[in-house]
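Protein chains: 2
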Amino acid sequence: MKLSPLQIARYQYSPKLPGMLRNGIAEICVKNGGPTESVADQEKIQALFPNTYGKNEITFQKGENTSPAKKQVVGVILSGGQAPGGHNVVCGLYDALKALSPENVLIGFKGGPSGLLDNDFIVFEDDYINQYRNTGGFDIIGSGRTKLETQEQFAIVVENCKKHGVNALVIIGGDDSNTNAAVLAEYCAAHNTGIQVIGCPKTIDGDLKNEDIECSFGFDTATKTYAEIIGNIERDANSAKKYWHFVKVMGRSASHVALECALQTQPNICLVGEEVAAKKMSLAAIADYIADSVAARAAKGWNFGVAIIPEGIVEFVPEFSVLIAEINELLAGEKADSFNNLPTWADKYAFIENGLTAESMAVFAILPQSIQQQLFLERDPHGNVQVSLIESEKLFSALVKDNLAARKKEGTYNGKFSALHHFLGYEGRCAFPSNFDADYCYSLGYNAAMLIQYGYTGYLSKVSNLSKPAEEWVAGGMPITKMMNIERRHGADKPVIRKALVELEGAPFKFFAEHRAEWATETCFVYPGAIQYYGPAEVCDLTTRTLALEKA
Amino acid sequence: MKLSPLQIARYQYSPKLPGMLRNGIAEICVKNGGPTESVADQEKIQALFPNTYGKNEITFQKGENTSPAKKQVVGVILSGGQAPGGHNVVCGLYDALKALSPENVLIGFKGGPSGLLDNDFIVFEDDYINQYRNTGGFDIIGSGRTKLETQEQFAIVVENCKKHGVNALVIIGGDDSNTNAAVLAEYCAAHNTGIQVIGCPKTIDGDLKNEDIECSFGFDTATKTYAEIIGNIERDANSAKKYWHFVKVMGRSASHVALECALQTQPNICLVGEEVAAKKMSLAAIADYIADSVAARAAKGWNFGVAIIPEGIVEFVPEFSVLIAEINELLAGEKADSFNNLPTWADKYAFIENGLTAESMAVFAILPQSIQQQLFLERDPHGNVQVSLIESEKLFSALVKDNLAARKKEGTYNGKFSALHHFLGYEGRCAFPSNFDADYCYSLGYNAAMLIQYGYTGYLSKVSNLSKPAEEWVAGGMPITKMMNIERRHGADKPVIRKALVELEGAPFKFFAEHRAEWATETCFVYPGAIQYYGPAEVCDLTTRTLALEKA
Numbered sequence: 087m088k089l090s091p092l093q094i095a096r097y098q099y100s101p102k103l104p105g106m107l108r109n110g111i112a113e114i115c116v117k118n119g120g121p122t123e124s125v126a127d128q129e130k131i132q133a134l135f136p137n138t139y140g141k142n143e144i145t146f147q148k149g150e151n152t153s154p155a156k157k158q159v160v161g162v163i164l165s166g167g168q169a170p171g172g173h174n175v176v177c178g179l180y181d182a183l184k185a186l187s188p189e190n191v192l193i194g195f196k197g198g199p200s201g202l203l204d205n206d207f208i209v210f211e212d213d214y215i216n217q218y219r220n221t222g223g224f225d226i227i228g229s230g231r232t233k234l235e236t237q238e239q240f241a242i243v244v245e246n247c248k249k250h251g252v253n254a255l256v257i258i259g260g261d262d263s264n265t266n267a268a269v270l271a272e273y274c275a276a277h278n279t280g281i282q283v284i285g286c287p288k289t290i291d292g293d294l295k296n297e298d299i300e301c302s303f304g305f306d307t308a309t310k311t312y313a314e315i316i317g318n319i320e321r322d323a324n325s326a327k328k329y330w331h332f333v334k335v336m337g338r339s340a341s342h343v344a345l346e347c348a349l350q351t352q353p354n355i356c357l358v359g360e361e362v363a364a365k366k367m368s369l370a371a372i373a374d375y376i377a378d379s380v381a382a383r384a385a386k387g388w389n390f391g392v393a394i395i396p397e398g399i400v401e402f403v404p405e406f407s408v409l410i411a412e413i414n415e416l417l418a419g420e421k422a423d424s425f426n427n428l429p430t431w432a433d434k435y436a437f438i439e440n441g442l443t444a445e446s447m448a449v450f451a452i453l454p455q456s457i458q459q460q461l462f463l464e465r466d467p468h469g470n471v472q473v474s475l476i477e478s479e480k481l482f483s484a485l486v487k488d489n490l491a492a493r494k495k496e497g498t499y500n501g502k503f504s505a506l507h508h509f510l511g512y513e514g515r516c517a518f519p520s521n522f523d524a525d526y527c528y529s530l531g532y533n534a535a536m537l538i539q540y541g542y543t544g545y546l547s548k549v550s551n552l553s554k555p556a557e558e559w560v561a562g563g564m565p566i567t568k569m570m571n572i573e574r575r576h577g578a579d580k581p582v583i584r585k586a587l588v589e590l591e592g593a594p595f596k597f598f599a600e601h602r603a604e605w606a607t608e609t610c611f612v613y614p615g616a617i618q619y620y621g622p623a624e625v626c627d628l629t630t631r632t633l634a635l636e637k638a
Numbered sequence: 087m088k089l090s091p092l093q094i095a096r097y098q099y100s101p102k103l104p105g106m107l108r109n110g111i112a113e114i115c116v117k118n119g120g121p122t123e124s125v126a127d128q129e130k131i132q133a134l135f136p137n138t139y140g141k142n143e144i145t146f147q148k149g150e151n152t153s154p155a156k157k158q159v160v161g162v163i164l165s166g167g168q169a170p171g172g173h174n175v176v177c178g179l180y181d182a183l184k185a186l187s188p189e190n191v192l193i194g195f196k197g198g199p200s201g202l203l204d205n206d207f208i209v210f211e212d213d214y215i216n217q218y219r220n221t222g223g224f225d226i227i228g229s230g231r232t233k234l235e236t237q238e239q240f241a242i243v244v245e246n247c248k249k250h251g252v253n254a255l256v257i258i259g260g261d262d263s264n265t266n267a268a269v270l271a272e273y274c275a276a277h278n279t280g281i282q283v284i285g286c287p288k289t290i291d292g293d294l295k296n297e298d299i300e301c302s303f304g305f306d307t308a309t310k311t312y313a314e315i316i317g318n319i320e321r322d323a324n325s326a327k328k329y330w331h332f333v334k335v336m337g338r339s340a341s342h343v344a345l346e347c348a349l350q351t352q353p354n355i356c357l358v359g360e361e362v363a364a365k366k367m368s369l370a371a372i373a374d375y376i377a378d379s380v381a382a383r384a385a386k387g388w389n390f391g392v393a394i395i396p397e398g399i400v401e402f403v404p405e406f407s408v409l410i411a412e413i414n415e416l417l418a419g420e421k422a423d424s425f426n427n428l429p430t431w432a433d434k435y436a437f438i439e440n441g442l443t444a445e446s447m448a449v450f451a452i453l454p455q456s457i458q459q460q461l462f463l464e465r466d467p468h469g470n471v472q473v474s475l476i477e478s479e480k481l482f483s484a485l486v487k488d489n490l491a492a493r494k495k496e497g498t499y500n501g502k503f504s505a506l507h508h509f510l511g512y513e514g515r516c517a518f519p520s521n522f523d524a525d526y527c528y529s530l531g532y533n534a535a536m537l538i539q540y541g542y543t544g545y546l547s548k549v550s551n552l553s554k555p556a557e558e559w560v561a562g563g564m565p566i567t568k569m570m571n572i573e574r575r576h577g578a579d580k581p582v583i584r585k586a587l588v589e590l591e592g593a594p595f596k597f598f599a600e601h602r603a604e605w606a607t608e609t610c611f612v613y614p615g616a617i618q619y620y621g622p623a624e625v626c627d628l629t630t631r632t633l634a635l636e637k638a
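For the record, the sequence lines run as chains D and C.
Going by our numbering, the first residue of the first sequence is number 87, and it counts up by one from there.
Going by our numbering, the first residue of the second sequence is number 87, and it counts up by one from there.
No lab work stands behind these hints, which were simulated from the structure alone.
Careful, some of the hints might be misleading.
Copies of the same chain are indistinguishable here, so a pair counts whether it falls within one copy or spans any two.
Below, simulated DSSO-like cross-link-like pairs (lysine-lysine); rule was C-alpha separation at most 30 Å, straight line [unchecked claim]:
id, residue 1, residue 2
1, K434, K480
2, K637, K88
3, K487, K434
4, K480, K386
5, K327, K249
The structure presented is a predicted model; accordingly, all values stated were derived computationally and were not measured.
Only chain D is shown next, with the shape it has when bound in the complex:
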């Protein structure tokens, strides 16, 4: 067996384009919007992007194609973590370029940005690209995490592009990659390289979102995949009636993924990092909040439940951030050696007790030993605590267990608490894209080709009105500089696309906040089931609850 039945079937799927791109290449013209300015720090951004700042927003519409005839040689890279639909961006780009002219060439640089630096590439042909239509993964050319940000790198990129006659690059990535795409575009314009740069908004984390980007691609499929699994776990909890499941979900700092999964599955608990930060919640306060649900349900005889924990949660707990900073300081440089040379954990614990402030030691002391050891023993090459490795699902269930033991002593709780743990991440980043992501990504790629053909650079391929059927989607382009502000990064001011965290005043969180008290004590589980690609439209074509609520 080489291919699954579903993969073969998905090859036949024709992704839906926005209505305005459906009339054939000869019938796509540009409608100019007004000039743009950055969302903040306009003067600084403009000074940094003299050649690409302030350009017009544009949309495409039906009308005579007025672009100049020109052979296009386009390069494309996938940057950063996998997201479902990446293959379709490439396919849409390829199809549009070939529709513009069979002479056009699409080159894929392999393994992410490093492929551009190493000139590691393939030239796409029909036979190859057809194997990747409507499939998940980034294996079409691979991806990587090299950052493309220095002048030296840009010079190499330009040199490699010139070897192939590449006149445009499409960079498919998250907020950092699109920021770097804008910087590269400016470099290319400033140096009269004749190379255009277009970005595409990718990330399952959902944190690349602003008034121009309604959602990044992959978020829909990844959250549906996690919600399928969480729904199955909920149904199991509600059948066996004896376990509390703590489910950590990917999403880095932002809690968009956790929140979307919660909106789809209505678990008893969903933590939201942004709320924890806003309320300056302590670990003990969070554990108490969860234990309230456990105790209320136990009082009804329900010793089971489901709690969703966002991957980045601990970074948002103020006292925990302080603890991490103190640990990093405590083990900086040579101090790590004297720590590492201590023979037993008891010796190490004494060293820690001696080195932390009383406040941080109090936090450290309530952690389960496995987490304590993880903080000190598994550090990155720079000696820093690896926050992303912290098993926060186990941390919170351990804290809840302790909290419940105290309640039992007080006589306020008399249930059973048995916890199971899950981490959902790699399970969803490479799923077959949902119809939504397949359509959206294909449109982003197709649209990127049109932006190239019309000569734009430093633009993001923008497809909006996404909560409506694809026919009504709006395709166009937005200068990336429009989304930028100045932020302090690694001790220097940098122009960046602002990362979108969950807005506590936004409709998705407010809907959640209005319902969570009921979800915590009742059993309101919803079981989304597996992503469907065929069948009724209401089952197959709806995108996220987040977007529906934001656009309601």
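The hints should help you fit chain C onto chain D, whose structure is shown.
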């Protein structure tokens, strides 16, 4: 939101019955097969089941229904772990009973066998049952693990049945529950209770399988759900190209689930417990086998892969079983206290070193510390090691890491090895049943009602020819005693249904064995994607590769 779009859509699905049950209740008659005898130990089994042994196998066929008119009051229980499709067994049973006569009654006893003992029940009505059609989970009446096996329990069951006028019980469960169903049937017959007992074959583990039962229900959906996730992980591995994923899958002792997932996804490695036992493989030998694949792939520049680990694997490693037995002995009774009172892990380690044989200590010494501590610190209420809690996915990745470090020293390996771990179990036991499981389960329930109507007891509801379209399935009944032999359990001879382990001479394993060398060194991943309920038949209606190979 109360229901997901998929759940609403699935309510509309009409499960497919075997052709011979499609002509309406009035047109179903019995075709007698010959008398049966047990697969082994015939005299002993016959002596234990004087009233129910040796009955005829029967199949149903189209023809005048000759069953006597009789009001049926039937009880049903779900027993043991969840399996997708359990709700449809109940729905099929209900629909057939109501089709036989609107006067018929179906009673669900809640929370598994304990509901029968506690007389905890509901009477099914249309409104209630319609909420559960084609859905996953066992939440329609809950399940439980109480064993129904003593004469005292049987007397209570009969008493409770008489309160409702119940004249037949349907027991939906695994090998133990069906064994107990046969014993209860014999008890009821011997005591002239007028209560019939029918079993239905449930378990995701796939170990309830023999020449009469082609597969247990739930195995199809659970393995498809795990294979979806494993395929997604494979695609992620093949995109990121930097991780080895160790994926443990449920399935208790038998490796059917692991093997089926491997047949669907073609990972680099799949361990099979039955082979490990047959070849008497040591932990080191298994680690070496996996490391061979890691090293061969690294030599090609591929520092990534996927390995499937069956849940029960460590029980099959002879030296590990000995170690476990020695640990249980070492900590038996009061010895546990002196161990627990030792202040540090170093003290405990010395105690262990002193207590184990040299052979077992050699095995213990190569385990990662977290597993060592797990073996000694997390014991069940009887003080025994909890083998099912051993994180064997982490165990093997740690052993492989050590093995590779040795190869690096020798100069035979120069790759990078970074491992991630997953455990798939609760994610699949309550998925919406695949079309196959929805059809199969509904047929099992419908068929059970026909067996009751025709007066059979001690029979298993049997639906076979399952690798063919449902139209060609064969519905009937088989005396459960036919599947029994005598086994030693807890120091006594007991009549039981033989648990089916993976046959090393069977077609599924042989297919795997023929291909695994290529899978280990090449990248032959197959991505099944999510279960589809609509769309092309080859995507939606195929059952497992295991069954296809067995019936080929």
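Query raised in the report: Which of the listed hints are broken here?
Result: none
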